[in-house]
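Following the hints, complete the assembly by docking chain B onto the known chain A.
Chain by chain, the residues:
Protein chains: 2
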Amino acid sequence: MANIDRRTFLRTTTAIAAGAVVPDLTLATDNNNKELMASPSPATSHVTKTLASYIVSARYEDLPENVRKEGLRTLLNWVGVAVGGSHHETIDIAVDALRPFSGLSQASILGRRERFDVMNAAFINGVSSHIFDYDDTHLKTIIHPAGPVMSAILALSEYRRVDGRAFLNALILGVETECRIGNAVYPDHYDRGWHITGTAGVFGAAASAGKLLDLSEQQMIWALGLAASQPVGLRESFGSMNKSFNPGRAASNGLFAAILASKNFTSSNEMIEAKRGWASTISTKQDYKEIADGLGQRYEALLNTYKPFACGIVMHPAIDAAIQLRNQYQLKPEQIDTVNLRVNPLVLELTGKKAPTAGLEGKFSIYHAVAVAMVEGAAGEKQFSDRAVQDPVIIALRTRVTPVVDPAVKPEQVEMSITLKDGRQLEKSIQHAIGSLEAPMTDHDLESKFTDLSEGILTSEQTRELIALSWSVEKLSNAGDLAKAAVPA
Amino acid sequence: MANIDRRTFLRTTTAIAAGAVVPDLTLATDNNNKELMASPSPATSHVTKTLASYIVSARYEDLPENVRKEGLRTLLNWVGVAVGGSHHETIDIAVDALRPFSGLSQASILGRRERFDVMNAAFINGVSSHIFDYDDTHLKTIIHPAGPVMSAILALSEYRRVDGRAFLNALILGVETECRIGNAVYPDHYDRGWHITGTAGVFGAAASAGKLLDLSEQQMIWALGLAASQPVGLRESFGSMNKSFNPGRAASNGLFAAILASKNFTSSNEMIEAKRGWASTISTKQDYKEIADGLGQRYEALLNTYKPFACGIVMHPAIDAAIQLRNQYQLKPEQIDTVNLRVNPLVLELTGKKAPTAGLEGKFSIYHAVAVAMVEGAAGEKQFSDRAVQDPVIIALRTRVTPVVDPAVKPEQVEMSITLKDGRQLEKSIQHAIGSLEAPMTDHDLESKFTDLSEGILTSEQTRELIALSWSVEKLSNAGDLAKAAVPA
Numbered sequence: 001m002a003n004i005d006r007r008t009f010l011r012t013t014t015a016i017a018a019g020a021v022v023p024d025l026t027l028a029t030d031n032n033n034k035e036l037m038a039s040p041s042p043a044t045s046h047v048t049k050t051l052a053s054y055i056v057s058a059r060y061e062d063l064p065e066n067v068r069k070e071g072l073r074t075l076l077n078w079v080g081v082a083v084g085g086s087h088h089e090t091i092d093i094a095v096d097a098l099r100p101f102s103g104l105s106q107a108s109i110l111g112r113r114e115r116f117d118v119m120n121a122a123f124i125n126g127v128s129s130h131i132f133d134y135d136d137t138h139l140k141t142i143i144h145p146a147g148p149v150m151s152a153i154l155a156l157s158e159y160r161r162v163d164g165r166a167f168l169n170a171l172i173l174g175v176e177t178e179c180r181i182g183n184a185v186y187p188d189h190y191d192r193g194w195h196i197t198g199t200a201g202v203f204g205a206a207a208s209a210g211k212l213l214d215l216s217e218q219q220m221i222w223a224l225g226l227a228a229s230q231p232v233g234l235r236e237s238f239g240s241m242n243k244s245f246n247p248g249r250a251a252s253n254g255l256f257a258a259i260l261a262s263k264n265f266t267s268s269n270e271m272i273e274a275k276r277g278w279a280s281t282i283s284t285k286q287d288y289k290e291i292a293d294g295l296g297q298r299y300e301a302l303l304n305t306y307k308p309f310a311c312g313i314v315m316h317p318a319i320d321a322a323i324q325l326r327n328q329y330q331l332k333p334e335q336i337d338t339v340n341l342r343v344n345p346l347v348l349e350l351t352g353k354k355a356p357t358a359g360l361e362g363k364f365s366i367y368h369a370v371a372v373a374m375v376e377g378a379a380g381e382k383q384f385s386d387r388a389v390q391d392p393v394i395i396a397l398r399t400r401v402t403p404v405v406d407p408a409v410k411p412e413q414v415e416m417s418i419t420l421k422d423g424r425q426l427e428k429s430i431q432h433a434i435g436s437l438e439a440p441m442t443d444h445d446l447e448s449k450f451t452d453l454s455e456g457i458l459t460s461e462q463t464r465e466l467i468a469l470s471w472s473v474e475k476l477s478n479a480g481d482l483a484k485a486a487v488p489a
Numbered sequence: 001m002a003n004i005d006r007r008t009f010l011r012t013t014t015a016i017a018a019g020a021v022v023p024d025l026t027l028a029t030d031n032n033n034k035e036l037m038a039s040p041s042p043a044t045s046h047v048t049k050t051l052a053s054y055i056v057s058a059r060y061e062d063l064p065e066n067v068r069k070e071g072l073r074t075l076l077n078w079v080g081v082a083v084g085g086s087h088h089e090t091i092d093i094a095v096d097a098l099r100p101f102s103g104l105s106q107a108s109i110l111g112r113r114e115r116f117d118v119m120n121a122a123f124i125n126g127v128s129s130h131i132f133d134y135d136d137t138h139l140k141t142i143i144h145p146a147g148p149v150m151s152a153i154l155a156l157s158e159y160r161r162v163d164g165r166a167f168l169n170a171l172i173l174g175v176e177t178e179c180r181i182g183n184a185v186y187p188d189h190y191d192r193g194w195h196i197t198g199t200a201g202v203f204g205a206a207a208s209a210g211k212l213l214d215l216s217e218q219q220m221i222w223a224l225g226l227a228a229s230q231p232v233g234l235r236e237s238f239g240s241m242n243k244s245f246n247p248g249r250a251a252s253n254g255l256f257a258a259i260l261a262s263k264n265f266t267s268s269n270e271m272i273e274a275k276r277g278w279a280s281t282i283s284t285k286q287d288y289k290e291i292a293d294g295l296g297q298r299y300e301a302l303l304n305t306y307k308p309f310a311c312g313i314v315m316h317p318a319i320d321a322a323i324q325l326r327n328q329y330q331l332k333p334e335q336i337d338t339v340n341l342r343v344n345p346l347v348l349e350l351t352g353k354k355a356p357t358a359g360l361e362g363k364f365s366i367y368h369a370v371a372v373a374m375v376e377g378a379a380g381e382k383q384f385s386d387r388a389v390q391d392p393v394i395i396a397l398r399t400r401v402t403p404v405v406d407p408a409v410k411p412e413q414v415e416m417s418i419t420l421k422d423g424r425q426l427e428k429s430i431q432h433a434i435g436s437l438e439a440p441m442t443d444h445d446l447e448s449k450f451t452d453l454s455e456g457i458l459t460s461e462q463t464r465e466l467i468a469l470s471w472s473v474e475k476l477s478n479a480g481d482l483a484k485a486a487v488p489a
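Top line first, the protein sequences correspond to chains A and B.
Residues in the first sequence are numbered from 1 upward in steps of one, following the numbering used here.
Residues in the second sequence are numbered from 1 upward in steps of one, following the numbering used here.
Some hints could be false.
Identical copies go unnamed one by one, so any copy, or any two together, can satisfy a pair.
Unchecked claim - Only pairs whose alpha carbons sit at most 30 angstroms apart, straight line, appear in this in silico BS3-like list of lysine-lysine:
no., residue 1, residue 2
1, K263, K382
2, K353, K410
3, K263, K285
4, K263, K49
5, K275, K285
6, K484, K354
Treat the hints as calculated values from the structure; they're not laboratory data.
For reference, chain A alone in the conformation it holds in the complex (with noise of 0.2 angstroms):
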């Protein structure tokens, strides 16, 4: 605690001293106004308008192999989460609510028949991509990047045809413009309660969405502008349906903001790096080198990576770890004495649940989520339904689960061991879980888990189809056709 303290008094007075911060208790007016301020230096100038510039200008054909590919893993995984999530009870709820307010079918609702204006569709898609926590991170931000972005853009691209090479560009544009304001402002935006997958996603959703609908330079930095105007998400709801309407209603504010500056609704010119502009407003960090340096040069899509298990990251080494095992020695539950673990302190602070008794509780605790992968070699959204956390089987091998914290094991690293019944002695060592940078996800991994979420939704060769779609979208006409093809026949 005197540690904590410290830290943000520190970090509190550098901002200060490099005047990121400078409240006036006596201004307490309101009016049509900005003070006289002085210049911002150079370093954190124009910074807005160099982000609106590359976005306007950086084409398809300039993305390096690699960026692109990485574009369509993240497209692929983002469909696959949106219709897996598509008839959970939020999604349910969204579409009975709104149904009401949007007579117009523009856009589809991936993994169901309904249709909806395009912002209301935008946010639903939004909504149904984060239900299960199982979509994309940037590990270096903790945004889950394709949400706001995908939502918006595919929503959009059902209302004014877009090709899908436009569209991929636009997708790993909206990625850079969020993850790199994420970038300036982590961890402490983060620290002090914001969810920064809303906060910062919806600049990524105006940024992609105003790049479809042909911003000029000036419009797209109204975009942002009105973007920075619309934060959104609090940590606080983790656990409610509310943490998917962040990244569902970052997408729809993000549209809305590229809408109204296309027909030239103003804002500031310098909304992300003036002295009372978003960064200063909500973080006491501001890094805007993260923003401006090396546009085109280094890609953010780059450092994306797709969950293997549908839970927090900092369970995946040990299921990782758990389901090795399991394959290797081909091990029942019936043969295993005991599971013992040397895990980072995080673990039990986050996912420390011992008797969880309904799905959505499995996935906080480590012992069902060892459990059950030892049990059935998988961590999917199955493994953390009401079934699987009663399981008696189950829950007679999480009894045995025993994690012990070691400061010194890192959040990606763990160390299993398991006795068996037999007296045999096994042991794991994971580095890097399965799903993270140093171990991706294959391409096989990602249609094996989309397979996973879309089955009774879609059916086996409609699934084929929207995969085989998914990794073709650049061969696409029409961008839109992928949504029609995520609605059951």
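Here is chain B on its own, set in the frame of chain A:
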């Protein structure tokens, strides 16, 4: 500057000592999870629930007479400014941009003939009502209370029939909610860069719309939680269309929250007061007593004020003095030699523009404001037009206006001394300008302001009828009739 730094440091460390902000850099994960936390102290517990409980149970019949009356004044003033702003370029753009996405003709745009779905109509009317910066002001927080609330509930009332008394009750509860939440975080929250009308306003819109949707206490808690997830607006946008955007988007965001909550879309139960809830994330000051104490006993609606002049409050004392001297002595511009003012330092800091060339710039010129008030006996929207700032008579007079800064003069005061060409010296001292709580606009003043704003948009007869309907809203069996009456015949 040294003072400001010290103040910020004290504020920050005090907040930390109070447990308000405890950042955690180690928590580099984004699970569906809230950390273990100490139980909140009694003072900070159940804030959201207490407020929600009050909102759902408060009845029209319990409103004190003076609160009811002030609610009507708030309503009348809002209808006038919304009609008045409805043909500004900003609204033309918003209508043009959003029309393709709004298929339903559910709700009116005041002062215009287009109809939109409820949420887009709420947005547009909210923008319209703030365009001239001429709406109401809760001086304790500088919130403009009516924009987010009236825009949300009037549009909703056209979709879902509600009688006028329930409507007025919802308006007062919305104002109560947003202003109390604003009180809890002002001024730190505003100092930091947030446009408090948009950040607190979304709660007012959610509360008032939720009241009309008959939310249960639990649903109201969720509506407030979803509202907390959608703050709108940064002060950096002041001077652009984005400023008016903020109350409009607060209205549609609050509606969105209430509509989802009405179908049991869930959020946290402690979204305002939790350790990483709204107040701690968005401000270093959290005074929860301002939210939860004395509900139904004191009313923020009684602290609402209405601008007699279409510019920032800081110039109001000088304008008031100018008009009073002009009328008292029947002054003509050619009689005047010099106008000397002693003013609070804020006046020159905020409105020191000597030679404005466009109407909007005139709002930031104490020289123009005093001159035009002296020449035309008014300072409405017409006095801040291009025509007015380019009028040779007014230009000639403004060069003879000399403000002198004096920290002993409070922001609500002015000392004016006019020297006439015949050598006479006229003096006027203002302690509280017209429009302040101490010298409120009369009902007749409000009607004159309304008529002035409505001119050229509605006929005189329709304007008279709309004013009468606003005063008598409690007698309406369908409050939505008010919106229909504000559409040009």
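Right, here's what the structure says about each hint:
1. K263 x K382: Between copies only: 26 angstroms across chains, 46 angstroms inside a chain, cut-off 30 angstroms.
2. K353 x K410: Classified as within: same-chain Cα gap 21 angstroms, cross-chain 59 angstroms, threshold 30 angstroms.
3. K263 x K285: neither (33 angstroms within a copy, 39 angstroms between copies)
4. K263 x K49: within (18 angstroms within a copy, 42 angstroms between copies)
5. K275 x K285: The answer is both: 13 angstroms in one copy and 20 angstroms across copies each meet 30 angstroms.
6. K484 x K354: Neither. Shortest intra-copy (43 angstroms) and inter-copy (59 angstroms) distances fail the 30 angstroms Cα cut-off.
Comparing the model with each earlier hint shows violations of hints 3 and 6; every other hint is respected.
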